[in-house]
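Build the full structure now, drawing on both the sequences and the hints.
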Amino acid sequence: MEEFIQQLTNGLAVGGIYALIALGYTMVYGVLKLINFAHGDLFTYGAYLGLTLLTSLALTDRLGFVLGIAVLVLMVMGLAAVLGAILERAAYRPLRESPRLSAVVSALGASIFLQNTLMLIYGARFQVYPDDILPTATLNFFGLYLPLMRVLIVLASVVMMAALYLFIQKTRIGTAIRAAAIDQSAARLMGIDVNRVILLVFLVGPALGGVAGLMVGLYYGQVNFTMGWIYGMKAFTAAILGGIGNIPGAMVGGLLLGVIEAMGAAYISIAWKDAIAFCVLILILIVRPTGLLGERVADKI
Amino acid sequence: MVNLLSLQHLTKTFGGLTAVKDVSFTVEKGAIVGLIGPNGAGKTTVFNLITGNYQPDRGQITFADTPLNGLRTHRIIMRGIARTFQNIRLFQQLTALENVLAGCHYRMRSGIVATMLRLPAQRREEQQAVERAQQELAFVGLNSHALTVAKNLSYGDQRRLEIARALATEPRLLILDEPAGGMNEQETEGLIGLIGRIQQRGVTILLIEHDMRLVMRVCEKLVVLEHGGKIAEGSPDQARSNPQVIEAYLGVEDEP
Chain P
-11 MEEFIQQLTN GLAVGGIYAL IALGYTMVYG VLKLINFAHG DLFTYGAYLG
39 LTLLTSLALT DRLGFVLGIA VLVLMVMGLA AVLGAILERA AYRPLRESPR
89 LSAVVSALGA SIFLQNTLML IYGARFQVYP DDILPTATLN FFGLYLPLMR
139 VLIVLASVVM MAALYLFIQK TRIGTAIRAA AIDQSAARLM GIDVNRVILL
189 VFLVGPALGG VAGLMVGLYY GQVNFTMGWI YGMKAFTAAI LGGIGNIPGA
239 MVGGLLLGVI EAMGAAYISI AWKDAIAFCV LILILIVRPT GLLGERVADK
289 I
Chain R
6 MVNLLSLQHL TKTFGGLTAV KDVSFTVEKG AIVGLIGPNG AGKTTVFNLI
56 TGNYQPDRGQ ITFADTPLNG LRTHRIIMRG IARTFQNIRL FQQLTALENV
106 LAGCHYRMRS GIVATMLRLP AQRREEQQAV ERAQQELAFV GLNSHALTVA
156 KNLSYGDQRR LEIARALATE PRLLILDEPA GGMNEQETEG LIGLIGRIQQ
206 RGVTILLIEH DMRLVMRVCE KLVVLEHGGK IAEGSPDQAR SNPQVIEAYL
256 GVEDEP
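Line order of the protein sequences matches chains P and R.
Oh and the first sequence: position 108 is 96 in the working numbering, straight run, nothing missing.
Basically the working numbering = 1-based index in the second sequence + 5.
There may be inaccurate statements among the hints.
[Stated by the list, open to error] Just so you have them, the derived chain P footprint on chain R, three or more residues with Cβ under 8 angstroms:
1) 75 to 86
2) 93 to 102
[Stated by the list, open to error] Label-pair ranges, simulated between beta-carbon atoms:
3) R:22 x P:153: 46 to 52 angstroms
4) R:43 x P:276: 44 to 50 angstroms
5) R:207 x P:40: 55 to 61 angstroms
6) R:77 x P:66: 24 to 30 angstroms
7) R:77 x P:267: 34 to 40 angstroms
8) R:207 x P:154: 35 to 41 angstroms
9) R:22 x P:157: 56 to 62 angstroms
10) R:153 x P:46: 55 to 61 angstroms
11) P:153 x R:249: 58 to 64 angstroms
12) R:43 x P:173: 24 to 30 angstroms
Quick caveat, the hints were computed from the structure, so don't treat them as lab data.
Don't be surprised by glycine CBs; every beta carbon is placed ideally from N, CA and C.
In structure tokens, the structure reads:
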């Protein structure tokens, strides 16, 4: 039983990270019908930016652990959002009127560019988060010992997802985003500036993806310039699992995929972890191509 | 009378097809003007030119004394033009209330930062928008359907919801593209009343309609198009007695 709960919480932590990345894919898809393949690399940038800021600014020494990490999260979100906006301007906006395949090729190109830039700056080796900064404390829940970091990651991802959900559902700007996702030209006729909606999606998605990268760094302690690829693929799977274009779907899909993977790794074999995740993708595409909560089909790509 | 909208020598071609050919007409402030003509006469193209969906090849569109040429659609909407569509284009998955709220969008000022921080002013504005949206729903008689998802509304209700959504942008000019399309007699009767109430609010109306009884009853002026060109402009009676209009609608008997 304890083994099970350990795996479940681990799965939720990883799943929360997948969900945060998946939101970036699904929001961009919702508005532009484009799979932003460079999104996984913005996640990697989040992890590296977090590492650099954490070590060079010594935030936790100056501000204490809680405040230091909070400031770090905000800085990583802001910088990742700026990167996302630049990506949209440079790689996608010039191709807005082109066939969709051009934008996808541009996305792949942007992904390679971002990844290699990171390699040139930091080198190809694994980078390690300083382990003296990270808390190794464990929390005792009725005799069950859970690492503090894991609990924090689950809580933080749930809070961010809830905030995003309320933002999308309850505010005027959220309504504008949903309207633009359904019918761009009708949205324009309601006075909605669709270009700004697209820009906003490219700010919010990468901000969440960047935080996910930071969480991976803090949770596992090491980062690599190629890690965005596999995390991106997993998050993409999560987005499809929940129904691409559907925001609650990405959240559910991410958490579910994380738990399935953790359970598979624990009770089948850890070597099969990735295979299990992608088998889930294949299964869902066969059984329910629109995803668990989705209505629309990803008809291209 | 002051012209709210004026079109001068408007021309639009698509490849080899001239959809709109040297069309000029004016819409006076507070009036209800009908744009009529056989299918394919270029009526909807004229609407799309006004709202900036297309750019004219030649000619000038002036709204409230300022030219609209080259402005992007949402900028044109901000100057006070709203429209509905021939084939209904609601945000199908959103509720009736949310559809109207989307129309309130640009009249609200709070930025993204204020929205994320839920500042008091922003929350008040959000609340006011909901109240306004509910007023517009009540105005078209849909207040009991506020929380119904748009695609589950009846056809006539969807048309009325589109009008409510357009009114939420607080337009000075409302453009209706076949508002009675697909309506039964009773619904059309209700629509005529609604158009009258919109006019009483001080909104100028430009409409395309094939239902001639509606056009003759509500419009103060008609502009008749055929093959992209204007063939008549004047009061409904003038239009009805114009031989060119009769020819366009009924065809002319071939000389033996």
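Okay, the hints, checked on the actual structure:
Counting residues of the stretch 75 to 86 of chain R whose CB lies closer than 8 angstroms to any CB of chain P gives 5, which reaches the minimum of 3, so the coverage claim holds. Using a Cβ-Cβ cut-off of 8 angstroms, 6 residues of the stretch 93 to 102 of chain R lie near chain P, which meets the minimum of three, so the contact claim holds. Roughly 47 angstroms separates the CB atoms of residue 22 (chain R) and residue 153 (chain P), a value that falls within the hinted 46 to 52 angstroms. In this structure the supplied range 44 to 50 angstroms holds for residue 43 (chain R) paired with residue 276 (chain P), their Cβ-Cβ distance being about 47 angstroms.
Checked against the hint of 55 to 61 angstroms, the pair residue 207 (chain R) and residue 40 (chain P) passes, with Cβ atoms roughly 60 angstroms apart. The hinted window of 24 to 30 angstroms between residue 77 (chain R) and residue 66 (chain P) holds, with their beta carbons roughly 29 angstroms apart. Look at residue 77 (chain R) against residue 267 (chain P): about 47 angstroms separates their beta carbons, and that is not inside 34 to 40 angstroms. Between residue 207 (chain R) and residue 154 (chain P) the C-beta distance comes to about 37 angstroms, which sits within the given range of 35 to 41 angstroms.
The supplied range of 56 to 62 angstroms is broken by residue 22 (chain R) and residue 157 (chain P), whose beta-carbon atoms lie about 44 angstroms from each other. Between residue 153 (chain R) and residue 46 (chain P) the beta carbon distance is about 56 angstroms. The supplied range of 55 to 61 angstroms therefore holds. In this structure the hint that residue 153 (chain P) and residue 249 (chain R) lie 58 to 64 angstroms apart at CB holds, the actual value being about 59 angstroms. At roughly 26 angstroms, the beta-carbon separation of residue 43 (chain R) and residue 173 (chain P) lies within the given 24 to 30 angstroms, and the hint holds.
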